[in-house]
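Those protein sequences? They're chains A, B, C, D and E, same order as listed.
Each position in the first sequence, counted from 1, maps to that position plus 64 in the numbering used here.
Each position in the second sequence, counted from 1, maps to that position plus 8 in the numbering used here.
Each position in the third sequence, counted from 1, maps to that position plus 827 in the numbering used here.
Each position in the fourth sequence, counted from 1, maps to that position plus 180 in the numbering used here.
Each position in the fifth sequence, counted from 1, maps to that position plus 566 in the numbering used here.
FYI, nobody ran anything at the bench for these hints, they're computed from the structure.
Please note: incorrect hints may appear among the correct ones.
Stated by the list, open to error - Simulated coverage check for chain C against chain B, where a stretch passes if three residues somewhere in it have a Cβ under 8 Å from a Cβ of chain B: (1) 829–836; (2) 937–944; (3) 950–958; (4) 1029–1041; (5) 1088–1101.
Note that the Cβ used here is the ideal one computed from N, Cα and C, for glycine as well.
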Amino acid sequence: MRGLLSKKSIFLFILLIAAFALPNFLKNKFYMNIVIMVIFYAALSGSWNILAGYAGQLSLGHSIFFGLGAYTSTLLLVKMGVSPWLGIIAALIMSMAVGALIGYPAFRLKGPFFTLATLAFSEVIRYIASFWKELTNGAMGINIPFKPGLATMMFRTKEPYYFIALGMLLLIILITFFIDRSKMGSYFIAIRENEDAAEVLGIPITRYKMYSMLISSGLAALTGVFYAQYILFIEPEAVFNINFSSQIALMSIIGGMGTIFGPIVGAVLLVPLNEIMRSAFSSLNGLNFFIYGIVLIIVVSWMPNGILPTITNQVKKRGLKVSTDRKGAGKIDTAN
Amino acid sequence: MRKVKSVLALVLVIMLVFLSGCGSGGSQSASGGSQSASGGGETLKIGAIYPFTGGAALLGDESFRGAELAVKLRNQKGGVAGGKKIELSKADSPDANAAQSQANRLISQENIQLIIGSYSSALSMAASEVAERNGVVYWELGAISDPITDRGYKYVFRTNPTSSQFAQSEIGFIKEVVPAKLGKNLTDLKIALVHEDSLYGTTVAGFIEKYAKEEKLNVVTNQAYNMNSVDLSSVILNLKKAQPDVVIAVSYLNDAILLTRQSKELGFDVPVFIGSGGGHTMTDFQKALGADANGILNADFPQYEINKSFTPGLDEFVKLYQDTYGTAPRSGHSVTNFMGMNVLLNIIDQVGSLDPDKIQAAARSYKLEPGKSETGWGVEFNDKGQNKLGKAYVTQWTDGKLVTVWPKEAAVQEPKLPLLKWSERK
Amino acid sequence: MGEIIQVLISGILVGGIYALISMGLNLILGVVRIINFAHGEFLMLAMYLSFFLYSVWGLDPYVSALLVVLILFVFGLFIQRIIIQPILNTSATVKIFVTLGLSIALQNFALMLWRADFRSVHTAYQTAVINVGTVAVSIPRLIAFIVAIIVALGMYLFLNKTLVGKAIRAVAMEKRAAALMGINVKRIYLLAFAIGSAIVGLAGALLIPIYYVFPTVGTLFVLISFVVVVLGGMGSMLGAFLGGIIIGLVEAIAGVVIAPGLKEAVYFIIFILVLLFRPSGLFSLGKGSEEVGLK
Amino acid sequence: MLKCESMNLFYGEVQALWDVNLEVKEGEIVALLGANAAGKSTTINAISGLEKLSSGKILFEGTEIQKKDPHEIVEMGIVQVPEGRKLFSYMTIEENLELGAYSKRARANFKQNLETVFELFPILKERRKQLAGSMSGGQQQMCAVARGLMGNPKFLMIDELSLGLAPLVVKQLFEVLTQISKRGITILLVEQNVKQSLAIANSAFVLKNGRLALSGKASEVANDPTLHQAYLGK
Amino acid sequence: MILQINSARKDFGGVTAVNNVSFDVKQQEIVGIIGPNGAGKTTLFNLISGALPLSAGKIIFKGEDITNQKPDLICKKGVGRTFQEVKPFGNISVLENVQTGAYNRLSRRKEAREFAEHVLEKVRLIHRKDVTAKSLTIADKKRLEVARALATKPELLLLDEVMAGLNTSEIQEIIPLIRSLAEEGITLIVIEHIMEVIIQLSHRVIVIQHGEKIAEGTPTEVINNKRVIEAYLGEEITIA
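Chain A extracted, bound-state conformation:
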């Protein structure tokens, strides 16, 4: 087991080095953009994963926190000239506060009803953002003037964005990793698996759900700040969007909910798939999403645990037959 761990960590280390070296080899801006989008989605979906994958609270309103993050830092930047780096802190606070306000009542609901409530909250916030023109500029959205510089988190080239996104993703992986191996993670999973049983093991359910919400919403806000500085234009329709929320969720679900690397696997598969299908089927409008929908139905109903756990299980089973010490290797193999 220990030998395996080191094997695993060597592998991850190599991956990490590769990730840092990537911009030196990848000069094509389109690919660079896709890679940044993959990282961005992996991070965002990773933040959702903590709330939904670990603590089992299936939210379809995650774009709320993402959007709040984007709006908070952007408004501070545009209206008061506050650097987005500082804006991150405000975004975190804002998003976590709203997360708490939503979580407090919504955590009383279970299963699909929690999901419906998050949908409704998401809609309410979208309407408010569209309506409150004095603050948010309403549906006109906010255009961030392009003033490149480290302080404004705006750059002419893609590389700095790449590294910021990568840093963000690493942070989220690290936090997930830490949660995964700590008391908190065990408690999240216990709540997900069976609330009644969790309760009698001394787990304060609501408090731990709230922790997961706070961590999850905070991290989502982080990605929101990044997004705003990358796209330089935000509007309520785009950031408080239910379809966007379900896409975020989908990455984790396809990749494997409640695993550290599941969201990454999902993002690595789905983001390029989306891009490629869009250009491959441009002749017939709608065909790409039609196929997407069908694949979604099939994959989710046939592989409900997601790709990562399915592969891991397969490898585990085969590994066990060959030699027992290869157990768990599947996780490593699929992480790239």
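Let chain A serve as the given structure and place chains B, C, D and E on it in line with the hints.
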């Protein structure tokens, strides 16, 4: 069974990735909008970012057709700069996120130096941002949001009029025409604004309100609503209370239809009703309403019942459209894109290549008199890349057609005001 | 005064449409225990059908309604058998995302076939009104409202007075016991899903003279119908009917009193409040939250 | 009448029945005994078709039924009164009884069966318009048995008849069982109330940890130490 | 006196599931609770562990009123319980299940894991520690229930039919385990169907029927109580 299925699903995913990989390889040749361009000589490739899927797909497609026809026509006539053919590379962008990623793809993947677009202002904002950062020309043909050209970008140009130009046209029309027709003083007119609350409606309505205030007009109410509402009776009841002489609406199609139908149902009569492009401009609007549409005014891009001597080439365009797509143009979006695309093609012709710096320099000195284009607009870009001579025309629905009634040089008919009451419209 | 009455009437009439759309969803939720995120797309398909029957064969939407209902019934059978049945014993996540996938697929299927154009029928009566004093009542909306009442009553009678209807309720309450009575549970699921689809088909046929159809039209209605269902109480036809009326009223009143731009936000807030404080719905007739696993 | 041959059944990876053999002869009352989780309910659910065997056979009047669906099995005359009554609590007694007679086989004899049932349980006739969920436990159990009888069974299986009921009610119910039996209906009784069941049963089977531990005539079983071992762990 | 229950009552709608039940439990005592199915034994556990609020009455643990406190708080104070219908965390390993319980007293992962392994050894489940909990047999799931509750280091442990479904030899293995727990200082309340087990184990037995306490006393007293015999085994009993 469960295990078998999950393995199957896995295989499916892998296959799909593989397949789409192949698909993307083939996409470059397939994505060219005009196959006719492949006839020898050098081909200049231009990216075209429009929403072809999602909620904005209808007008996105209509807009693209204008650009596509301009290219087709030019290629038929021998291309630009001594026989170079133009090819459009379609990039479907249902949302801003996709637009920016597609712009990136076009620039770095297909090495495109010039992008056109986009019908939707949100897409335009996102895509033009990418273009500017990469030193690629972004040529806007139809999105009307002012900020697109307010940012002072070096490589972003727009041939069509902006929201503020729309608003100016509408206020201009009210000033010039309405007082005489209704026999009231300009400042006595009660004006009501009603608009959908997304980017488009809010922007246009915002400028209308601003200019109306500058002209000391009396705006009695301003109603915003969500374009997806199934019921607008509350909006109409609020309007009814205000008893306006003029209603200016900024709507998309579904809400424009609903607004009219429910106005009729609820017996809300108003002497002057002006739409601001969007839904009020579309043939589907008239199809859905029939005679009820008669008399409704609309400020928008040029329509097809217009003084043809002021818009040379328009007939040729309509015929080409009819021949290519089998129907009449569905709205003025296509001709607007057609006109702007022609301007761009003229500039490319001058420059001889797609070199962004040369094109932007040539564009800045490009001039065209009013009354010399398919839309009647002149062309002269201000220092921020906006065409100063763009203008919205006011048209009136008359027996299924949008007949141009203002300004005089483009008009083919006097505006018929005040509007008939619902019960009298036939 | 006239204005207030006008607001209330408009609200109630719109509520009838919401009710009609929601009843189908509610039946499916109550019996098959699945929240069908593709419900709006069923409505969209019904509206297209109705539209094409009108534009190709010149059939009036009210005449072709029966055909649309039948086709949607069969379509419901098909979807239940092929897509829903296999995932009935899976987690909530799977159910949500499979129906969401169905919704995406159907929307884009429509886009592929019929493009994004808005289509609507143009009938003589579509803006016809009855004027009662200063109050105007739209005839197509009134028809939809009356049909909603008939369907609500009809469903109530069907579920409470016929043996098959009782069997449907039995399956909703105690599926294993129902199986032990010799009720073919799978067939009841099929039937419930198909009836639910047929009702939304009827809603589509009645909506087309009032509204218009385009590929994403379903998304406008699906969230409203979730709200209505939760408000009225899961599985209760009468609840869905009353819930629809209430949401219609809330929307109309909020549009006048608060602002048209916020009227949707108002009913979502009501939705959240109901979820929190009376999760079994305002009119839950018996079957409550425990039954649907809400407890 | 009913013959089960080496039934094996799994819940996921857990085996719940191990090579269980049962036989019930026509007209008998047979008791199926055993401690909690011994596999009694699983056995009758397998007979009812609610659970599927992984191997083994269930023969009813010579026909193999282990692959049939529950509603087909009911159609053959095998009816189960499930544990915990599982009434349709938001329906009236009358509606519950009506649904009990849902099968084609039962619909034909609806009136006659209804009379019989009201005869056996007069209280149900009195309260037939009342919601099933609003009645006392004993009345609910009566309703459950009545609902089972409405299915016009040849073979009636009753799971935990006496569960949570007062002794007087239990006594009453057991009396009714003997009456039912006299009407020619074969009965398989799953019970924790050993003595009372054995008192009315002709023969008995005792399950232990999913395996058949003992079978034989009721009187023999009652005195067999294995019974006590199975039940009380001695 | 570690636990005092004073006139506990629980109504569900119109049905009274637990009616005016009072009893005390002394430190390190093993108290057995018996009664027919549906008598209200599990409801009583739910009241003590806080899973359900009382309709009336009081529960005092170590001198402190814990009536209607939340289950997690009651667990923190030292009351552990198992469920009759096992509730394993199915998708994680047996060890992780128990470790989750161990976090109640131990925050560090390593300590929690070691303690979990220790508990698993004690309940003889260590050989299955790496398999997912859902793939255990019923008997092992019962063991897991006990292990998980034990891992919270309770002072009072409520065992709800942990022996149902176990065979005789398995039961005979568990009895000493439970005894040893008592010797270690844990007080136990045991719901059990199997009379013999209760007799072997308990210092004192409480009998519940229809939500009411009908008898209390030493095993021998209770087993010879006529009312108990009637209630528990049916009326016409002459047990051999």
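Evaluation of the provided hints:
no., hint, verdict
1, 829–836, "holds (count 3)"
2, 937–944, "holds (count 4)"
3, 950–958, "holds (count 4)"
4, 1029–1041, "holds (count 4)"
5, 1088–1101, "holds (count 3)"
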